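Next come the chains, spelled out residue by residue.
2 protein chains.
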Amino acid sequence: MGRWQPNSRGRLEQAALELYVERGFAQTTVTEIARQAGLTERTFFRYFADKREVLFSGSAELQEVLIGAVAGAPEQAAPIDAVAAGLDAMGGVLRDLPRSRRRQSVISANPELQERELAKLATLSTAVADTLRGRGVQEPAATLAADAGIAVFRVSFERWIGGPDDGELRRFIKDSLAELKAVTSAS
Amino acid sequence: MGRWQPNSRGRLEQAALELYVERGFAQTTVTEIARQAGLTERTFFRYFADKREVLFSGSAELQEVLIGAVAGAPEQAAPIDAVAAGLDAMGGVLRDLPRSRRRQSVISANPELQERELAKLATLSTAVADTLRGRGVQEPAATLAADAGIAVFRVSFERWIGGPDDGELRRFIKDSLAELKAVTSAS
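Chain order of the listed sequences is A and B.
Per our numbering, the first sequence runs over residues 2 to 188.
Per our numbering, the second sequence runs over residues 2 to 188.
No wet-lab data here; the hints were simulated from the structure.
Here the structure is a predicted model, which means the values were calculated and not measured.
Don't take each hint at face value.
Since the list can't tell identical chains apart, any single copy or any two copies may satisfy a pair.
Derived pair list, reagent style DSBU-like, types lysine-lysine, alpha-carbon separation capped at 35 angstroms [what the hints assert, rightly or not]:
(1) K182 <-> K52
(2) K52 <-> K175
(3) K175 <-> K121
(4) K182 <-> K121
(5) K121 <-> K52
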């Protein structure tokens, strides 16, 4: 077997998640992750800045999917409906429920990871607000629609994780979005 | 002058904020904060766990005001209107615009403080959702109304900070809440 290893990134992610679930995040070292994946530490650092980032490696891709769909929504779509298109696209990418459950159990057990997760969600929200402004939406409507959308995502994700094994994130997103509209229109 | 110092907490907060603005958060030590306040390090640690917490010492009181008003809203009030009552009460407490501006400039300059700020806001949101459930609001409506409310607070706070010197946070909260309702009902 040569030095090139197929799908090194995926194997490192998989190995890290397994070890974090088994031993806990704090108790796992990069050396152990690399060994478990059958790779070197050097290879690990080629893909990830540190052992925290392994858990958030999908963020950039998710953001791209989200933003792409918000930007690509029909021109006449209301801001919240452009956001809804983005959330639906994210739901289409997040389909591996067992993996999402394992990842979330690691994050929930560690305050530092929770703070990082919140920061990533805030970054998504800022990116959505930027995209909405690019569509001509004024402030504060752009930021409010973006923040409300990310709240819908967060709630839907939690319900998906805690729901039945054959649940689909997209459906929870659709339902939570309807709930948001109901709850904010009541007055 | 005896060993008892009036308003030690307030003086430490004031001294910390001055130094953070002047020199930067990372460059300031607890020793310097205590000296600037004319107090000892020991007194500092009687009030605050570390130099980060000085910036968030008002969180507990704010949460109490917020939760008190949500819980005390008229029984028949819709969830979002109970949240609105809570935000308005917070707006009544946050009246010192120059101080809020200085504090925010320190937080904006430091990613670690930004993460802590997000975590504090998430804690507020969780507390509001708990309170709404105590009022009989079901999930996911409770969490969505709480998250949307905190989004309104965040946006209003930013507009207040960036607005005219005689601006009132309560007014921005009122306006942003109306915007939220408009932006989420559009479909």
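Which of the listed hints are broken here?
Hint 1 contradicted; others consistent.
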